[in-house]
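Sequences are here, hints too, so could you generate the full structure?
Numbering (this note's numbering), first residue to last: 2 to 291.
In silico lysine-lysine, DSSO-like type, Cα no more than 30 Å apart, as pairs:
#, residue 1, residue 2
1, Lys-159, Lys-221
2, Lys-221, Lys-259
3, Lys-97, Lys-221
4, Lys-50, Lys-30
5, Lys-259, Lys-97
6, Lys-159, Lys-97
7, Lys-259, Lys-159
8, Lys-50, Lys-97
It is worth saying that the hints were derived from the structure and are not from the lab.
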Amino acid sequence: MLAAERGAALATLTSYGRDLADFAAFSAKAAPSEADTPLLRAYLSSQHKRGLSAATQARRLACLRQFFRFLFADGVRTDDPSAALDGVRRTRPLPKILSEGEVDALLGAARRVDGIAGLRLVALLELLYATGLRVSELVSLQTSAFRDDPRFLRVRGKGNVERLVPLSDPALAAVAAYRAALADPAVPASPWLFPSRHAKGVLPARRGRLTERRVAQMLKSLAVAADLPPARVSPHVLRHAFASHLLANGADLRAVQKMLGHADISTTQIYTHVLENRLHDLLRRHPLAD
2 MLAAERGAAL ATLTSYGRDL ADFAAFSAKA APSEADTPLL RAYLSSQHKR GLSAATQARR
62 LACLRQFFRF LFADGVRTDD PSAALDGVRR TRPLPKILSE GEVDALLGAA RRVDGIAGLR
122 LVALLELLYA TGLRVSELVS LQTSAFRDDP RFLRVRGKGN VERLVPLSDP ALAAVAAYRA
182 ALADPAVPAS PWLFPSRHAK GVLPARRGRL TERRVAQMLK SLAVAADLPP ARVSPHVLRH
242 AFASHLLANG ADLRAVQKML GHADISTTQI YTHVLENRLH DLLRRHPLAD
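Next comes the structure, spelled out in C-alpha cells:
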C-alpha cells in the first residue's frame, strides 16, 4: 500500500520493514496483526528501556499506526489497537546549517577543481544551495526537468508529488557550463543531469547516474579542501542552509515550504529560529530600543 498508493521512497519502505520485523520479534507469541493495545504499550515501553532515541521511537509508533489503520481499513481487523496510544514526546533539534561565508568557501573550493569534475561540483553545489533539493531529488533529475522553462526546475519529490522550483542566475550558469562541457556528439546523450562515469572517468554512462552516497562523499572531500570540518557538510545541511538563509533575508515561510516540498507548514517551522534572531536584531535597531 505504501509503495503502490502513496509512492513511499525505498528508504521509507525499508525502515518500516525493519520496524515491523522488530515488533514481530517482540510479539513472538502472537501474530503482529492480532496484537492488542497492552501489547503495543509494552513494546513501546521496551523501546525506551533499550535507550532508543525519541525519533526512532516516534517512527516505530508511526509505523505501527499505519500498519493497524491499514488492517482496519482493509477489513482484516474490526478495531485499531493503536488508536489509544499516546504519541512519543520528542524535542525537535535545531537544523544544522552552514553560514553564508562557509557556503562561499565550499563554492570557492569547487571552482578551483579543474576540468569537468570541477564544473560538475559547482553545478551540484549551486543547485543544492539555490533550490534546497533533497539529495534523492538532485540525483534523480533528468535533463527534461529544464524543458518547459529553464528558469524553473521541475522536481518530483516525496509521494511522487511534482513541484516547480525557481533557479538563481548562478545556478543556471553553473548547470549550463557543466552541460556544455559534458556534451559530446560521439557519445549517446544520457537522460540524467548528473550521469555516472565509466571506470576510467572519461565517458558518461548512458543509463547510470550519480548515487546519493557518492554526492555525500564528494561534499566531504570538498569540505576538506575548503578547510571546513567534513562532519558539518552534507547534502541535507545545504538544504537547511538554503531555507535558513532565505528566511534570514526576508523570504516568506509559505514560499520556503513550497520550494522545499514540505506537505505541512509545521515541518518548515523548524527554521523559524532564524526569524526569531532577525526579529531580535530589528528590535535592537528600533529607535526606542534604548
